[in-house]
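Make one complex out of these two single chains by using the hints.
Okay, here's what each chain looks like letter by letter:
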Amino acid sequence: MKKLFYLIIFCAASGLMYAQDVDTSQIIIPIKIGFEGEAAVADTSSTLIVAEDQEANISYNDGVQFYQQAQYQAAIQSFSHALELNPSMTKAYYGRGTSYIQQQSYQEAISDLAKYIVAFPKDGNAVYLKGYAEYYLDKNDDARNSFNAAIALGFKDVNMFYFMGVMKFKEGKYLEAIDDFNEAVKVDPKYFFSYNDRASAYRMLESYDNAIADYNKAIELKPDMAMLYNNLGSVKRLKKDYDGAIAEYDNAIKKDASYYYAINNKGICLYETGKYEEAIEAFRQVLKIKKDYAYAYNNIGLCYYKLKEYESAVEAFSTAISMDPEYGYAYIHRGSAKEMMRNMEGACDDWKKAKELGMAVAEEYCSVCTEYKK
Amino acid sequence: MKIKIFFALFCLAVLFGLTTELYAQVPVEINKKEFKQSKNGYKDAMTSVKYADTYYAMGQPGAYRMALVEYLKAYEYNQHNAELNYKIGACYLYSTEKPKAIDFLQKAYKAKPGVASDIYFLLGWSLQLNYEFDEAIKYYRNFQNEQGVADTKKSKGKGEVITHDVDKRIRECETGKKLLENPIRVFIDNLGPTVNSKYPDYGPVITTDQSVLVFTSRREGSTGEELDPNDLLYYEDLYVSYNEEKTGWSQAINMRSLNTEGHDASVGLSPDGQILYTYKGDPDGTLFESFLKGDNWSKPKELNNNINTKQQETSASISYDGNKLYFVSDRPKDDDGNPNLGGKDIFVCEKQKNGNWGPAKNLGAPINTKYDEEGVFMHPDGVTMYFCSKRDGGMGGYDIFYSESDGAGNWSEPVNIGYPVNTPDDDVFFVVAGNARYAFYSSAREGGYGLQDIYRITFLGPEKMMVMGTEDILIASSNATIQQKVEQEVVEVKKVRLTIMKGTITDALSGIPVEATIEIVDNEKNELITTLTSNSKTGKYLVSLPSGKNYGIAVKADGYLFYSENIDIPEATAYQEVTKDIVLSKVGIGSKIVLKNIFFDYGKETLRETSYPELDRLVALLNSYPNMTIEIGGHTDNYGSLKLNTDLSEARAKSVVDYLVEKGISKTRMTYKGYAYLQPIATNDTDEGRQQNRRVEFKVISIK
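Chains as they are written, first to last, in the numbering used here: chain X, 1 to 374; chain S, 375 to 1078.
The set of hints was computed from the structure by calculation and includes no laboratory data. Don't be surprised by glycine CBs; every beta carbon is placed ideally from N, CA and C. Any given hint might turn out to be false.
[Unchecked claim] Quick list of the computed label-pair ranges, beta carbon to beta carbon:
1. S:M840 / X:D243: 20 to 26 angstroms
2. S:P794 / X:D141: 57 to 63 angstroms
3. S:E555 / X:E345: 29 to 35 angstroms
4. X:E206 / S:E619: 50 to 56 angstroms
5. X:E281 / S:A739: 52 to 58 angstroms
6. S:N1058 / X:E176: 20 to 26 angstroms
7. S:Q480 / X:P325: 53 to 59 angstroms
[To be verified] Once the Cα atoms are required to be at most 30 angstroms apart in a straight line, the calculated DSS-like pairs of lysine-lysine come out as:
8. S:K869 / X:K355
9. S:K542 / S:K512
10. X:K91 / X:K156
11. X:K275 / X:K240
12. X:K190 / X:K254
13. X:K240 / S:K551
14. X:K239 / S:K552
15. S:K552 / X:K308
16. S:K552 / S:K744
17. S:K552 / X:K240
18. S:K474 / S:K551
19. S:K551 / X:K306
20. X:K352 / S:K954
21. X:K308 / S:K869
22. S:K542 / S:K484
23. S:K552 / X:K275
One chain only, chain S, in its complex shape (with noise of 0.2 angstroms):
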């Protein structure tokens, strides 16, 4: 097995001529005089020693962790080897269990000073990872002392990049100790044992109802049971877990149909779970996308040329209506020509109207810099992007920042969302609910599973009042006491402004699920914002609202009447979930819509403009029923006297019925007739009630 990693690792390394650039390796020699203390062990120190060094010279994560391993059988036999600390401490940061570096490193710069050229930098590189800001700077600062500042950028690699900047990372320790005076308040809970284990769990993605996730894993019992010679851990596979509503996380289960031999990664979810983004690796950072048709996957398929290209695309998330796909990918430009500004960027890809990814487009600053920018996650709320970037303001590797659109392309300074959520190392793949009071990422800390796992933030926004008793006598004259008045400060909180509407949509007769597509449309545009679709297996739906508009909801299937509902979200809306089941009707005599998205002007018979996407799809059902006949029915609210209420309700419906007519329907097919107030479907008693009653119906009256 050894023999066969190390070639592996070995080909690898000549394929790639990677191995002396990538960590700027400092060349450090085990001398073996000081392991002559006694004669056992010696040889098979020795002979560790050798394959260590060897895996240590091909500075990969994998070969790191190889080394780190025969490096600790020697350390069994002489502790007190500066050279053979420093190397472990190396491994350490070169591989995933960064923070063990630093005891090491202590104790190898504690035994010999100059054990190695970049003592210093690795030495400061710990310091920082263990929040020891001050202590950091200093070693930096030697660091430079020694190299001369003008040591700066010196390595890179196949996404990688390791540098020798110093300066930025005293300027990260300096963002460290801020964030850490103002620390965010969050619990961070790790999801159990049903969905993490003892290896690498990350990239989590969720419906933004939290109910489904997905995420990566590199556990055992992957697809292939192969380990990546790059970092002998197992091959990436994609796990789903459901949250269910009694017992939490389900035991997360291998999407089999998903994953392939190879690497199989999570990097974006629909908000209603019903397309995923995955990611491949090989041969050059491809990103894929899959449908779920009732409880099957579609085959992964690539994404189209102007998202894939031969540079590295590594994540993805889609926007809440559908339109917009952000991406990251390190091409030198984009598809107007606007030049990369460094790194790995944020893309966007708008939907064309033959419903292919149209040209992408690089977001610019403020977004992107010149450092890394990665694990774009798009909220539903329409407005808010929340990503990882290695961009100055962070405290060490990347850190999650937020920004806002203002809808005209505009985005806000990105805010780094803070300590504990962000550490001094990489924080990425950071996905938040639709209420925003919950994200899912990715972390090492200590108390997991082991290596990564998922994790839980709640963000409990900013420190609640806290207000303490204390009254004096301010006058002399009275013992009644005064209360010092409270200044109640004004904290900005950030609101989500957001609906989500769910359910399930079923046939009126059976009960059985429908697939059915959901059409949201803008009344006062009177454009269609998306399509989505229900699952056929379970019914299910979700869309997401950002506040603000007038929603129109048609809900169509094959054989069905639509069914239509409106929901008008003021601006000011505040987060909100709504259950709305809806039951579709098939189409037959007597079978009746409520038409939910027609306007009329304030005690008039006037249509108005918002209405004309409802009158449309009423036209195209027409249109697909020739022999149709149907009769529009007016309906009030019980105010006012019945014959006003009659001659209201008769005018309304022929206004409907003009307006078909004017749209080429035949008179012939249509009657219409003024209910008034006399078939109320709900409550004239509250406004709500009387909201449904005014309303407009459609009722099959014959099909042949």
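Excised from the complex, chain X in its bound form (with noise of 0.2 angstroms):
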């Protein structure tokens, strides 16, 4: 009986989520599993007597002498030999399973563990490790079901839950991704993802006192992460909290000074509370951290507007532009500062641009141009 454990490293984790860069990939959550005991042979070193499989049964245990060294390319080549030797030998392919899960090969994966489910059925762990698979690959429904499968099974796991929370926060399904994030919750009390996405779920349902304790959880567990306080401030600003909001970022950038996303977030409150110099000096500090931040051109264009200098807001909104050509409310404030500079004809083709990208406040202000053609 072969017995696993996995544990997530959060170091890695959170190493990862301190990254600059904006992109849509995942960040994945590692999992190690171990194997331990269960030796395919009595004796592998001698060689008076074969037994029968004896060869699968050692390159069986180089792949899980592999897998535990972290080196997963080797041991996926280990479990193919010895399935080539013994295709019946089912273990391997959960052994080879893992491996590709720990290579981030999920499809490859998930083909191995459903072979190996339909000769062990009833192994909780395999389903769920499927499921993460799948979880990955963005098969929320495949992966709900595994993990619904695993559940019945009587298996148990935070991330398990917790997945299952994300989804539903993904799907925006928040109330049902708080009763997922619950279970993750009751599972392991001292996982800080639970509080900080169940947070987040609370954010989303502008339950934002719900939201500030559980942030605030996340940070009593996890007191270094930029992320986190800057969650908190954005719940702060939300309730127009601005000196409250101001304090958490700066939380969030002593911890981490390159964190552009707090100092982003406190020139938006010192925007809401009327000082747009200071708000442009913190979006031009965002600037210095990423040079191509078109959210900061776009701020400083706001600013700028505030303090009637329309000429500079105008420039800004279009470097905002000229490093997203998307942006749609950047054309919309391009335009509304064109109007206050009686450049009509500039604001209406800003706002039908904007009108382009599907922005229907846009057409609302389109609807004078007619007359600026005159």
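Following this line, the structure appears as structure tokens:
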């Protein structure tokens, strides 16, 4: 009987989350699966007695060893070799499947784990791992089915409930997401991911006080993470507690001076409180860290708009647009600044572009444009 | 000159007995002792004070201006005398340049807090005019404490009421604070030197397409070149300026044929610019109308005595359909016996069948209040009325408000149009273009050409959306960012639901403009909405068509076949301007009309009732040419077979003939034919084209 355990390597995950670049690729929570005991043969050193499938067993054992040494490619080769020698050695599918997961080759992992599950349908852990691979392939329905099957088999894992919550969150079903995060918290009350994401779900539901409580809990568990302070600040900002929000953003910046989301958000609070010059400084700081951040240019433009410095506003919006030609709001804003400069034709051109980009509000603005063509 | 004016003022004062009442003047004597600082100039200063005091005592705007000139001479000599500063401040407040009062009043108060019993009131007022509402309230309260709250309305003059209704003024200051916090977004542009002068220019009225502006000016060169002793400004004359596409407003021209040596003020212009309403103050406030024929205005004619009475009638606005005239009067009750609600109220008269204005009706609450209402303007959308009022909810003097009619005689609670259009001073005579994006009014704001100038307001609507760019990593296990969803605030935007159709009407052959009558019919109700006339010189016409009706438009002129246009404007249609140049054909063999207001049931030859107005026009035409023979031709689009379409178009043509026969036209004068889709007048590839091709035509075969 084999025994598995898995570890979540927090530091690796959080390290990734400090990443500067926003991309759509997801952060992988690495899983370490270890093998223990259950040698495939009694004595692999003996050359006198060649047991049935001894060579396959040797390859299998090599695979296990490579896996434990985190040499997943070599493990995959060994498990594959074992299967060539003994195609009915189902546990080698399991070994290779888990190795594929480590390699983030999820499709292959699913295929191997499925074969294993046919032989061992009661192995909740294997069913969970298949769901894990499906989750990362964004096959939400498949993943959910696998996770539910694992639960039905009595399998429990914090990540499993957490992933189910994340899927609901992404689908916009925040209340259901909260239920799943609650389960995750029950399984592991020290897992800060659950608190952060549950807080985020509360935020989306505009249940800001619950969100604040959960972000604070996450911070308690993980006091060095800029993201958590930033998220807490954003909820305070949404509550229009701008001073409170700025304090949290400052905490985030203290933890990670390059966490530009927090600097940008701090700028927004300054803007909201009418401190437009200070806000501009904050957004310029963002641009020192991430020089092509269209949002910061847009935000600078809005500050200049409020300062009635429409020419500078137009310049900033134009830069934002040059960085993101599909940035609908930047067109709307630039149009509005041009309107104030009495350049109605320019304003209308921008509003029309925003309308083309699918911004319904721009249609309303365009309604006056026919008058200006005269 | 000085003696002459002084005499005129004196006579006026005696005549009306207004001197001491008008502004509840507080007697303040300037102490000569305070002027004995040097011998030089003392005598002159005292002479100025003597003259000034006499003018001041008359209590009229012109007299205050005269007094001001003299007081300012004395001020050169002694700038620290409390009473003199007080009087200069009061003169400014009571005449035209009100915001200048504050410095003098503050100086007076500083030098001698008890300079006059109403110093707190005047300080409050001048602070209010300078938007210092909190300070103003303090002084008003001080005034109340000194005078006792019982001192309220104190004085009343001819058409002018300056009261010490301090509680109301405090309310105005409170309103002012609120309005200031939520300014409306507008551009306010001076119309420039071709329109405005250094003299007062005011009372703008416009055609609804803003192509013509008529206004009142008190500039040099007025008819008669005399000054009005009341205020020492030239008598009012009417001026006109045209909005040229490329060059903007043309140099304003004195409308000599309309102006007299007395006051001639503009109060209303029909949306198409063909009827002008004017006002003359003497002897009792009378409204006149004048019609544009070619480029000549007819002699102003007094409106009938349903409108003009012995009381003051001061402003007028005609509805888009010409069937209602809204005007302002201070008559004690209307023709139904409804009492005036106080001061000046807004009234309405409806046009009767004989073309005369019928009995006047007080619009009542919520339009009218116990305070004055003035400057009524009915927008051509047929729904929105703009007017000014001294009611509560204003920030001082007259404020501009608007209200909407539900079409059944009920008006919505008037809404203050907001700051910065409204100010703590009087804001009156506000007219709005058809698109409701532009409005015109006069104002004495800084940066103008002098005294009052005419300005164009551009309404920018509510603040445009401003969305900060922000994102947060909300899912800890993913570095995908999530943007805060943007709550799109629902901002009520008042939409104008109006179509302006305009163009020229010309002769088909010569291209010469034709003076034609334009009948606008509500096809659903089979009701003539209005009849307008195109200008004989330019052939120009303009009709206002509020959304929500199927309009039949028939253009008629003697010797011409009528022209028929159908324009269906669903309820939700927003503002649009449609240019439609119309060509009229002389009655002659072969000439024809496309009858655009004839409607059949779908796929059938059954005439709908909405066709009757058009058919009746046809009957009238045939009756006026008893020897004319005609052909009615039916046409279809190219959907379906030729056979089917030929049958249908013929059956439809026959239906028309049958109707005409029923109305007494001899069968022998008419033939009918179905042309199916063989004579298209537009493409059959578009809905619009097919719509045009489905038609009935009327062709003259012979006339004799």
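The hints, checked one at a time:
no. : hint                                 : result
1   : S:M840 / X:D243: 20 to 26 angstroms  : 22 angstroms, holds
2   : S:P794 / X:D141: 57 to 63 angstroms  : 59 angstroms, holds
3   : S:E555 / X:E345: 29 to 35 angstroms  : 33 angstroms, holds
4   : X:E206 / S:E619: 50 to 56 angstroms  : 52 angstroms, holds
5   : X:E281 / S:A739: 52 to 58 angstroms  : 55 angstroms, holds
6   : S:N1058 / X:E176: 20 to 26 angstroms : 56 angstroms, violated
7   : S:Q480 / X:P325: 53 to 59 angstroms  : 58 angstroms, holds
8   : S:K869 / X:K355                      : 20 angstroms, holds
9   : S:K542 / S:K512                      : 14 angstroms, holds
10  : X:K91 / X:K156                       : 22 angstroms, holds
11  : X:K275 / X:K240                      : 15 angstroms, holds
12  : X:K190 / X:K254                      : 24 angstroms, holds
13  : X:K240 / S:K551                      : 24 angstroms, holds
14  : X:K239 / S:K552                      : 25 angstroms, holds
15  : S:K552 / X:K308                      : 23 angstroms, holds
16  : S:K552 / S:K744                      : 23 angstroms, holds
17  : S:K552 / X:K240                      : 22 angstroms, holds
18  : S:K474 / S:K551                      : 21 angstroms, holds
19  : S:K551 / X:K306                      : 21 angstroms, holds
20  : X:K352 / S:K954                      : 27 angstroms, holds
21  : X:K308 / S:K869                      : 28 angstroms, holds
22  : S:K542 / S:K484                      : 27 angstroms, holds
23  : S:K552 / X:K275                      : 23 angstroms, holds
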